[in-house]
Each structure stands twice: as C-alpha cells, then as structure tokens.
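Residue numbers (my numbering), protein chains in the order written: chain A, 335 to 760; chain B, 335 to 760; chain C, 335 to 760; chain D, 335 to 760.
Calculated from the structure, these hints are not laboratory results. Do not take every clue at face value.
Identical chains share a label here; the pair holds if one copy fits it or two copies do between them.
Stated by the list, open to error - Keeping only pairs whose Cα atoms sit at most 25 Å apart, straight-line, the calculated BS3-like set for lysine-lysine is:
#: 1; residue 1: Lys529; residue 2: Lys606
#: 2; residue 1: Lys547; residue 2: Lys354
#: 3; residue 1: Lys494; residue 2: Lys704
#: 4; residue 1: Lys354; residue 2: Lys366
#: 5; residue 1: Lys704; residue 2: Lys336
#: 6; residue 1: Lys483; residue 2: Lys494
#: 7; residue 1: Lys547; residue 2: Lys736
#: 8; residue 1: Lys736; residue 2: Lys367
#: 9; residue 1: Lys367; residue 2: Lys354
#: 10; residue 1: Lys367; residue 2: Lys691
#: 11; residue 1: Lys704; residue 2: Lys474
#: 12; residue 1: Lys606; residue 2: Lys483
#: 13; residue 1: Lys506; residue 2: Lys606
#: 14; residue 1: Lys736; residue 2: Lys366
#: 15; residue 1: Lys691; residue 2: Lys376
#: 16; residue 1: Lys483; residue 2: Lys339
#: 17; residue 1: Lys694; residue 2: Lys529
#: 18; residue 1: Lys347; residue 2: Lys704
#: 19; residue 1: Lys691; residue 2: Lys529
#: 20; residue 1: Lys704; residue 2: Lys483
#: 21; residue 1: Lys347; residue 2: Lys363
#: 22; residue 1: Lys691; residue 2: Lys474
#: 23; residue 1: Lys506; residue 2: Lys445
#: 24; residue 1: Lys694; residue 2: Lys474
#: 25; residue 1: Lys694; residue 2: Lys736
#: 26; residue 1: Lys691; residue 2: Lys736
#: 27; residue 1: Lys377; residue 2: Lys691
Letter by letter, the chains look like this.
4 protein chains.
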Amino acid sequence: MKLSKNEIADFNKSCNQDYKHENDFLRSKFTKKGIDIDAIIKKVADFQVAIPSWALGAGGTRFGRFSYGGEPATLEQKLNDVGLIHALTKSAGTVSLHIPWDIPEDINAIKEIAANHGIVFDAMNSNTFQDQPNAEETYKYGSLNSTDKRAREYAVEHNKEVIRIGKALGSKSLTVWLADGASFPGQLNFQTALKNTEDSLQQIYAAMPEDWKLFIEYKPYEPNFYSTTIQDWGTSFMLANACGERAYTLVDLGHHLPNTNIEQIVATLMHKGKLGGFHFNDSKYGDDDLTVGSIKPYALFLIFNELVYGMENNPQNPYPAWMIDASHNIKDPLEDLIQSLEAILMAYAKALLVDQKALKTAQLENDVVKCQEILQDAYNTDVRSILKAAREQAGGAVDPLKAYRAFQVRQQLIDERGLEVQATGL
Amino acid sequence: MKLSKNEIADFNKSCNQDYKHENDFLRSKFTKKGIDIDAIIKKVADFQVAIPSWALGAGGTRFGRFSYGGEPATLEQKLNDVGLIHALTKSAGTVSLHIPWDIPEDINAIKEIAANHGIVFDAMNSNTFQDQPNAEETYKYGSLNSTDKRAREYAVEHNKEVIRIGKALGSKSLTVWLADGASFPGQLNFQTALKNTEDSLQQIYAAMPEDWKLFIEYKPYEPNFYSTTIQDWGTSFMLANACGERAYTLVDLGHHLPNTNIEQIVATLMHKGKLGGFHFNDSKYGDDDLTVGSIKPYALFLIFNELVYGMENNPQNPYPAWMIDASHNIKDPLEDLIQSLEAILMAYAKALLVDQKALKTAQLENDVVKCQEILQDAYNTDVRSILKAAREQAGGAVDPLKAYRAFQVRQQLIDERGLEVQATGL
Amino acid sequence: MKLSKNEIADFNKSCNQDYKHENDFLRSKFTKKGIDIDAIIKKVADFQVAIPSWALGAGGTRFGRFSYGGEPATLEQKLNDVGLIHALTKSAGTVSLHIPWDIPEDINAIKEIAANHGIVFDAMNSNTFQDQPNAEETYKYGSLNSTDKRAREYAVEHNKEVIRIGKALGSKSLTVWLADGASFPGQLNFQTALKNTEDSLQQIYAAMPEDWKLFIEYKPYEPNFYSTTIQDWGTSFMLANACGERAYTLVDLGHHLPNTNIEQIVATLMHKGKLGGFHFNDSKYGDDDLTVGSIKPYALFLIFNELVYGMENNPQNPYPAWMIDASHNIKDPLEDLIQSLEAILMAYAKALLVDQKALKTAQLENDVVKCQEILQDAYNTDVRSILKAAREQAGGAVDPLKAYRAFQVRQQLIDERGLEVQATGL
Amino acid sequence: MKLSKNEIADFNKSCNQDYKHENDFLRSKFTKKGIDIDAIIKKVADFQVAIPSWALGAGGTRFGRFSYGGEPATLEQKLNDVGLIHALTKSAGTVSLHIPWDIPEDINAIKEIAANHGIVFDAMNSNTFQDQPNAEETYKYGSLNSTDKRAREYAVEHNKEVIRIGKALGSKSLTVWLADGASFPGQLNFQTALKNTEDSLQQIYAAMPEDWKLFIEYKPYEPNFYSTTIQDWGTSFMLANACGERAYTLVDLGHHLPNTNIEQIVATLMHKGKLGGFHFNDSKYGDDDLTVGSIKPYALFLIFNELVYGMENNPQNPYPAWMIDASHNIKDPLEDLIQSLEAILMAYAKALLVDQKALKTAQLENDVVKCQEILQDAYNTDVRSILKAAREQAGGAVDPLKAYRAFQVRQQLIDERGLEVQATGL
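Take these sequences, add in the hints, and give me the full structure.
Structural data, given as structure tokens:
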C-alpha cells in the first residue's frame, strides 16, 4: 500500500485548522524576543530521522514476543513501511539497514523503491552479536575484541561486506555497535580486549571509502552483564581518536547508567567535533527502547538544547546522523515510530525557541533562576502547531497518527501480508 | 548418564585431603567462641536448594542465544540433569517445575525417576507471561491484572492446572511470578490493575489444597518497562495479607532497584512471618540472572546473616523454599549451577560462623567498629573446607566441579542427546 | 516588608494580558471534550501548598554553604517570608514548622502574624536527627529505633512536645521523618530496630489529639548510608497500619531509589486510603532537594495524574497535606519557592486536563498508543495562562517571579535584616 | 601520645601466633601454583597508603554532625594521629594535606614531626569548593570553570599556593578535585565551562615543578546536583591529555554512577598510562565515604586485580598514589582508618594470589567457569595471616585494632586534647 499526496492533502483539509492561529500567536510572542517562528517551521520541516529497518516489526524481550500482524517480511516491504511513515510525516526520509538481515538481492531494484518513496540510505549497521546459520566462527565470546584471531577477522570481514553493500546503495557511513564484553569477572582481560577492539576498528576504518564516516556506539551492559568493552563515551571517544578523523562517537539515549547527564556528554563531544550520530528512544530503567519522549521528554529537550547549540556553534562537528532505535513490544510499530518522530520534532522545535542571547546573559550573571525560566519558557510552549505547519508545508499529514488510523494502514498491511509473518530483527 | 556413589567415592579418594586439617584449625579457632564447626558441617550438609527445570539449558537475551550441546529435551532428561548435580553436590535434592514447559505425560514414571535421584518436587511455577501456541486468550496486555475478564479467568485457570499437576507430583507450593504491568504511562489504571491482581490471586489461593503455600514474587521491571503491578515487596506483602495465612512473599535477588538493601527486606518479612521463598542469582545491573556469588558475594553473606537469624529467632516464619533462578548464557548450565550451589553454601556457612552473642553485645553498646569486625571475621574465614566435609559426609563429591569435569559429564550428555537439542525455557 | 493587594493589583495591570485570550482558546478546545477550563482555574486557585519554615534560608551540602542575604532570623520573619510568597502566589497559604528550630515564644503573637498573612499552620515536624545543645540523650545511634531505651523515650517525649506546640498553634498533624538507621552492616539488628520504631510510633500516635493525623515519612538512605529503618513505602505503610486509622504514609519525591515508579506508589496508597502527605522537590541523583519541576516535570505530571484520580475516586483517602521540601543552595530561596509553586500548579492543571473518560476507554481497549496520546495531549498543553487567571482571581500576582523582582523584595529584606544573618535549618 | 616499637613488640608477643602456621599452610598450597607467599608478605609490608589530614576528625552530613572526643586541632596533632596509625599498621607512611586547612606555620617543624613518625608528604589537595573567611572572590558559581575571570584566576592562584607549600614540604604532586558544576539545567554553558576548566588546569600544570604530577579527579554529582564539569573518567582523561604528560586521572571509588564497572576504567587508564592516583572508600548509594571494604569487598578485590596486573604489565603507567578518602560519621576515625587499611591490604594480598598464568590460559580458551574459579580461589582464601606476618616483619602490630584498644589510644587523646575540639575538614 502507498499513500498519495492527494489523499493526504484531502485528509488535511478535514483536520482542525486552529494550529494556524496558534502559530500566529507564537509568532507575535516570540518575535519580540527576536525568534523567528517561520524559520523554525522551516527547520522542523527539514529535519529528517532515519528509520531502522529492524524496527518495523514487533520486538520482544527475553521473556518472549507477542507478534503483530502485517509485519514486513522482505526488504522491499520494509522500505514500503518507511515510505508510509515518510509520506505521513515527511520527516522519515532516510532508512538505516542492518546486515545480514537486509542484504538486498537486487541493489538497483531496492534503490528504485527507496527513490520512489523519497528515501535515502543512511548509516549501515553490522551485526556481530549473533551467530548466523552456517557461520564459520562464533561470536559467543566476542567479535572485534575476541581472543580468537579468526573470530576477529571474521567480524572485520563482515563489516567490510556491510561497507560494500552500503556503498552500492549510496550510504556514507557505518555504525558499529558491539555487544562484546563479559558476563563474569575474570572472563576477559580488559586491556587485551580493548587492544583487540582498537586493532579491529582500525582495519574497518581503513576499509571505508574516503567519504565515509565510522560511528562507534557505546553501551554499559546488555547483552553482557558484567562488562562491555566499549562501555562509555570515553572509551568510544578514545577509539574514535585512534581510528582517525572520520571516526566518531555515536550516542544512543538508552545506553547509559542510571542518572547519567547525557546532554553534557553531547556538549563535550560536539565541542571536540566528535559527535557523529544519535539514536533516539526512551527508557525508565535500562535500555528499554521505548517510544521517544514517552518517559523523559524534558531530558530530551535538554539534549536537543545542546544539539541545537552545537549545530550552530561547532563547525568542527559534522551534522549528526539521526536515527530512532526503539523496540515495539506492545504498540503497532508504525504508530510507535510516528509518536517517536513527533516527540523528536517537539523537542527540536522547543530547543529552537530557547532565547540563546538572554540565556548567555543570565549565565554570565549567574542568574540561575532566570536561566531556568528561559529554558522552561521554551519548554512549556505548546509547539504542536509548529509541527503541523511544518508537515503541511512539506506535503505530509497535519496529524499523522490520526491519518494513519483514518487510512486504516495496519488493516491494509495485514490484508496484504497476513497476520503471521514476522520481520527479521530483534 | 548417571553417577554412582562408588564412582564419586573413588573420585574423592583422589582428591587433596587437606580440608580435614583446615577444619581442625577452624574447630580450634571457633570453639573458643562457642561455635560448633561440626554442627555447621551438619547444617550445610542438610541444606537443599531447588534447581528450576528451565535452567538446565542455555539461556539467552533479547539479542539472541548461543546454544550449548547436550541440553535436556524432555522432563525426564531435565530430572536426570538435576540428578547429576545432586549426586555431585548432595545439595540439589529438589526440583522446581514450570508449566506448561514441564507437563508430565506419565506422572508416576516422572515421580519414579525423581525418587531414583533422591529428588523431591518443590514449588510449582506457572507461566502467564507468554502466549502458548493455540492459547485461547492473550497475555499481551496482562494476565491476572488484565482489564479483560476472560484473560484473567484464563490465567487463573492455568494456575489451577499447575496446582493440580503439582498435587499429583507431591509439591506443596505454588510460585506466582507476574510479568503484568505496562510499558507506557497511561497504559494501565494502577488501582484497577492492583484490584484485579488481588482478586485473581485470591481465587488461586482458594484453589490450593490446605497444606499448600502461595509464594507471590515481585519485580520492579522487565519485561514491562514502565510499571509492574507487583513492583516491590510492599505490594507483594499487601497482596499476601489479602490472600491469607498461607500466602507469602518470595524474594528474588535480582528483582530490585539499584542499591536496594535486600537483607533488610528479608529481616522485615521474617519478623512478620511472611518470607515464603527465596530465589538465588547475582547481578550487576538489572535482573542479570548471573551465577550466585559471582558479583556481590558479601551482599549474599549479609542476606544469609538475616536468613540464619530469622530461622533461629522467628518461629512465626515458615522454613523458606530455596531455589536458584539464574540464566546460563555463556557457561555450561550444569557447571554454572554447581558454582551457584557452592556460593550459596559458602554464604550460609559463613553466616553460621557469626558470633551472634558478641554481635548482640556490640550492637547494644553501639560499638559499630566491633559489629563490623564480628561480621567480617566470619566472612573472611575460608569455609571451603566445611563444604567439602559436608559433601563428603553426605556422599557427594569433595570437589563437584572438578568431578564434573573428570567424569566428562558434558561430553557424555552431548553423545547421548546431540549438539542441537534445545531445552524449553527462556 | 509586606506587599499590599493594591500594589499587586497595580502590578498586574502592567502585565501582558494575552493569557486571557489563551484561556479562551483552551476553553474552546477542551469544552469539546467535556472539560471545563473555568472549573480548573477555580481548582488551581484553591490549591494551597505548605512552605516549610526551614526552607526560607540558604541550604547547603556537607561540602559547605554559601549564604544568602536577608535570611529570616526569627519565626516572625519566617512567617513574613511565607506571607510574601503567599501574597504573590496565593497558593502558599500554609506553613509547616520544625521543632526545635521554631519554638514560638509567644503563641498568640505568632498566630496573629500568621492570620494577618492569611496563613494557617499545617503539619508540625519533629527533629531527632541532630543533637541539640544541652541534649540529655544523643541520637547519634538512633532515636525512635535506638537500642537505648532512654534515647527512645527522649525522642518520644520530643515528639509529644511538638504535638503540644502544634495544638496551641492550630495544627492538626505531625510528620515524623526519621534518619534512624545504620551506616555499616551489623551495626543494627534490623528486627529490633523495626520493633523499637513501631513501639515508639505507637506511643506518639497515642499522644495525639483525636483529630490529628500522623504522617510517617520514608527514605532509603542519607544521612545513614547502609540502611534506614523506614526505608520504603512498604515499611511506612506497615507501621501506619500498626499505629491506627489516623496514621498515614508520607511520600517525599526525593526519597526513592533510582528509577522508582513513584506514581504507582501514590496510586497504591490512595487505593488503600493511606496517603497522608506529600513533599515536593526534584532530583537527578539522590535526595537533591532541587526546585520542583526543574529536572523531571513529566514524572511530576504523572504523579499528579494519580493524585487527581485518587482525589476524585478514593473517598477512603483523606485530602493529602502538600508541602515543598527543597533546599536552596544556589538560588534566592523565595524565588526558588515561587518557581516550585509554579511547577506544582502546572502539573496539577495539566493533570486536570486529562480526558479521564477517553483514557478509561482506551485502557479497556488496550489501545496503548491512544493512552499515551491522551496523557500527552494534556501534558503538551501550555497551561500557564490557567495559572495566571487563577492567581489574578485570587488576588495574587499574574507573574509572581516578575513581581518579586519588580518589588525588589530581596533587596528590601537585606536592608531590613542585613547580609550576614543565617536562618535556622539545614 | 606516641607508641614505641617496644610497646608494640610486647603487645605482639601477647597475641595468638597461629597466623604463622596459617602462613605455612598457604605456603604449601600456593607454592604448587608457583606463587610465592613470602614475596607477597614482602609486597604487602611495602604497601603504603596516604592518610588525608581531613579524615582524622568526625565527619558529618548536611543533616548535622556528632562530634568525637580527642580530635586533632592542629596540623601537628594531625601528624601525630597519622603517626599512631602508622606505628600500629606500618602501612600509613604518607599523609596528604589539604590547603587552606593545613597551612603550616613552621615548615621545618612540621617536616621534623613527620620525619619522626616516618611519614612523608604525598599529594597536596587544594580547596575551591568553599569560600574561606575574607575570600576576595566567591566559588559559589564555580572556580576553575567560572564564567567570572577573576574567580578563575583566584582559584588558579590558590592552587599555585598549594604547590608552593607542597614543594616546601617535599610533596611531588597536586590533586585537583573540583566541585564545579551546576544544580540546574541552563545554569552553565557546558562547552564554556569545559573550556574554562581546561585553560585553568593548564595554568596550574604550567606552575608545577618539573618533577611534579597533576592528578585530576572526577565525580558525577555532589555538591552540584545537575551536572559536574569533570563528571567522569573520560572528561578527566581528556583534560589530562590537554595538560601534558605529567597530568593524570585520579579515580575515587565513590565517584561513580550506580553499577559502574570501575575495574574496567582502571584497566583502561593503566593501559593508556594515565592512572595517577586512587582514593579508597566504600559506598552503597552515593559518595557515602564509608570504611573501605565495608560494603563491597569483592569489587575492591576485582579492582586490585586490575591494579596488580597494571603494575606488573604497564611500564607506561607510573606507580599510583594511594589514599584513603573516607568520612567518619559514626566510628572513631582512627579505628575506621585502621579497618580501611586492613581491607585495602586484604584486597591487595588476594589479588597477588591470583594465578595469572592459569587465568590467561583460561581466558584464551574462553573457559569462563574456570576464569571465575581462579579469581575466586584467590578471593576465598583467608589472607589475614599474610597481613599479620607483613606487619610483624615491619615492626607494626599483629592486630592493630586490638592494639589500639589495648593501648587505650582514644582515651589518651581525649585526656590530652579534650572532648570538644573539632578538627578542620568536612
């Protein structure tokens, strides 16, 4: 199934138009502070977040999985799902593939499908945390960090293959997330594991085309429960520096110990020009992979406040690669992604509303009360009208979730694909 | 495969006998404090911990699973595995089954196999956190707490079936662990969910034979990531009180928020006569289900210090049901269980060494330094010789792990059962 | 200094009046859902939060304290400070005293000052976590839980004195927060400590007038760093039940382990009719005592969602006592309290906007996506215009913080009281 | 008061001599594995840990302080206290001073007192987290990171003064711990704060003599409760690199988020040659500053396992500066320090017992079960006899705590100094 521009335009006409008046009100309020609402609408409309191919089916936990009907069984169907989200939101114009789940049989056919949906290929993802059927080496005890040279080489080779596929598709970056670590004290020699990881990453880095970037993800635990070789931003940053200029740290919101100040990490990395990518999700306990903004929307806003600051003030940092990295155990995956996109754009719009000049003055005066007032004045503003206007201008649905339900997308996907099919992924 | 008493006795003869001298040394040291080492050896020998049937195969995480050869495919084979552990350790004389994974086809045959191994059936476990093939209702949105009356009834009925099977096998208790909860704010009405859970548990309680106990487990999160209906001991305790005298709280070591003082919970529950059961494992981050004693052995000792105190001073509390509840992602499951048993018995033996009289005096004098000295004098003692003597007396292996490897148990199991078979469970 | 109605009314006239139009917009939007904005304005105007007497001066940490000028040195001055906040916000109409810091010399004079400010005396607070000069017993090793009978009696007697003072002032409740616990394993016998605490609380309960309530606070740690005798809501709830009908649990937002689902605790307690009081603050790490709403405003909203639900559906639960319990290390204490009140009222107003009927339907249909949409539709609404209208109707300042600065309150207090004076408290 | 060698030797004669036989037993057991017990005794005897001057009096929390009699009121008395600990333990042969609390009036007199006790001056510590009376600038809003240039310069100048004093005393290193950070979002511009900190540290680094080292401490929170500018090892490491070769990271055990894998950080830093110093304490919740080994002795052992490995395998890393950094709220400070020293040496001795060769083999074979067995075989060994022999050889007390009490040290200090005196420090 595919949603046409006309269908969406017709839907928009049926929607409440009050948001236009709300924007007039915001315009009059913020113009006084020298903040241009229409420029913000434009920026919101331009913001694109990659959908990962593995997030289009139902996820699960180690305690099992409850399936969802109409899941995409093939790469083509995954692209079609992203196409649906993009048609509705106009903010999901990129996709992130995961190899070996998404090896295209016919590269050109895949590229054409993507192009038809207005979708480009963002960062490629490798997988060395599972053994594939017929694997020649096992990753049970590690991949890039393994004590076994053959396992390391096998994992490096897999990453090279991912680069080759990505190159063919037009991707320009590789994200490496490593589960490598230990579940028990003594299992690993930390120094050897770190050294092996560095060596392997350097080989992967060397195999990238010259216009590619390498994103090194970090995570404190899970699936290993005692130590993870790349456990924090400091380790990732150190490894990125050891690889070279085009190696960067990737921040995933869920990959932190309790209470970590993530926005400060973001600021530090941008200051050093090393924030390469960003994975969005939300969590209350661990790497819960919940819908973005469903648990801690203010923390998300504070992070975006640093991202916006960095994008405006840190030319040394490349424009980051954005991706949603959530798992959908209990919601329709497409609805979940639409909610995530909405939360991301709200946080972005609110961060754009921050009166940076006034904030700087208040900081210099150590007027802590006013600093908070300035941030919260932006945060407390209802920016949904800005998002509606942005989507409307871009040809998306004013209210994507309502549209998704009005068009009965899920039912049509079930009709097309059946109830039982299961998407590849976690 | 089965290990005979003679084989084990022969193995013991080949072992280093130094532990006997070590026990002489401990005897002379602790007799001065009025602590009887031989009585402790006897208590250690008598201590039996249930092996859960689902822990005999390789576990996994949501990121996949690395299989282990020779896993037990049937209930009979699971009992044989427990039998092997029990033959070696003489401390695994009970087994805990999980329905529907372990529905016996021939009750009497199963009972006979267990009897041959000297194993009895401890608490039964129900499963309402997964949908079984052909399930008539779904637990996707809850079971005992569901807003859907039919789902609740279906889950209650399942628990009744578990009771029936347990009754036939000679079990005397039911453990209810509920995944029920919500992954997103708003998803559940907390009060309704709690009320439904209470009603359902009361029905299950009413269906138990009069000599049975109900153990209500609690857990803060996972697989639900925003709220769990029975989130803590307070909720479990409240529900147990609402059910009746033979309903108790069950403590699982891994089911707590970071930094929780678990030993204090144990003391509180025993004081109130409501600690029914105890699940052993270890963890660094979440419910990691690692080998007991592999991460925080001192915390385990402090917990056993309360358990020992309660068993000696709280007649109002029943003797607790002990079980290991770990997952074995990276170690041979049987070796992992042997290590867990060793850690449990070490903590128990050390707790028995605490000079309770001196401790009480120091507490009354607020001599905090001495209180710590007394606990740590017990903890710092090397009690492995006590465990060896206890096992030797009971007919087990002096060094069970060494014996397990000497007898090449895993290889024989692989020869018997093959490399590819996968046990039911998580 | 004192702010007159006329001064505030004049200030209001100088303020931007746009909020009235914003309320018109909200009215038209929410009337469709059957939600009455004017009724919400009325509820917000009626909501009163107690200011604790100890929060009017600069706080500090164990690493020191940076003083703030113009702090109140006497109880009279503290009441005047609360009066200033109340005049501006019309939502701080109660005060909570702490004995021995606030022992009134002339009860009638104090009552008259309070009455002049329109302030009544909310819950009284005792202090057994510090030794006062000339104390006859020490609380170094505990108070209500002490192994020393005399220390327990001394602490009980102190609480009785607090009740006597409170009675004279017209207070109707006593809040007991206990630091009692241990910093080292072994220091305390948990069961004895719990038993002693229960006995002591029962004596205090028995000493209360028949129309008084007892609020039992809980906290996991600090100032004791290994165990706290009343460590969680479950322990408090158990003790409240052991005391009697008019004993309740008091929830302080900062007194929880990382990631605790506090809103679920609130719902459970209200369901059982045992939520007596509530202390507001915010935190990122521990009991940070930061300005309400400065770190996790969404969590505060979710808590208010349960409070509003409970106030409407749980007649078994009394109307809770509200208090701000924050420390002001870096902000002007009065400004900090004004910001806290604003955050509380915003969360309250948003919770009142939740479409409870639609939510119930979505919950019954397990439409998890819609449940989130309903909550977030309320949360994303900018309710500041509702607060402005509520304050304006009540005779307070439309923008209290702006008014506070316009009236140069702090400078006047410094002129009156000097720079060096230090308020009693933490 | 001072303890003479003869007094201690006499005391030792009165002690149980069984430890010698225990060492014989260990000798026979470990020699088989190629591990030399006498070499370990020698290493334990040589291990010296600095006592910080501020830890000799009673500590406190923000909720108050319970004083302890006989506290040292002057630097001379502080050195005498360290001398007492050193005489008993022979492992406290260094002291760490804190300026401005310990500014010596007569450098030579102080050096002579220290020399008489056999004590040398380890790392100097500056203090920019409090305002001293008559301070010209305030650190309320930061020191090295301040937006106010004068405050930064004032803080840099203070550190230079600390260097000058240290130089005169024979110290060779400076530890900088910064409380600098923010308690509220928006208060600080993270990038500016980081940049200012880097600039300030570089100035301090430049002011150090060429044979000095700079240790940069990190901490996630407290006394600031939203962000700390040097929040983790990654930030400290980055800053150390920006300063130069003789700048290092300092690890304080209590300065980590919940569940952090500290031993991995230690390994990483030693691998990179950047672990300069180490502060010992223990904690259950936050920076609790409890007696070393009182809460998580196994974690301490795992950390020492990495330290021992690094000291043997990482010539690129300097020998680390060891210090105890604990607070003594409830125990006699000197007894607390003696317990801490014992815990440190036990962990060290156990780490030295690890069969590194067998461990390496097991790691290469991915024999995870055996890896754990090897570590725990060392950990489960009772090494107290090794410590006794080490102390006895060095001229200290076989049982220092028993000796401390036998000599009635505290009573004598109270007699000398009185009950009311309060040491400077936290």
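Discussion item. I'd like to know which numbered hints this structure contradicts. Please list them from smallest to largest.
Written reply: 2, 3, 7, 16
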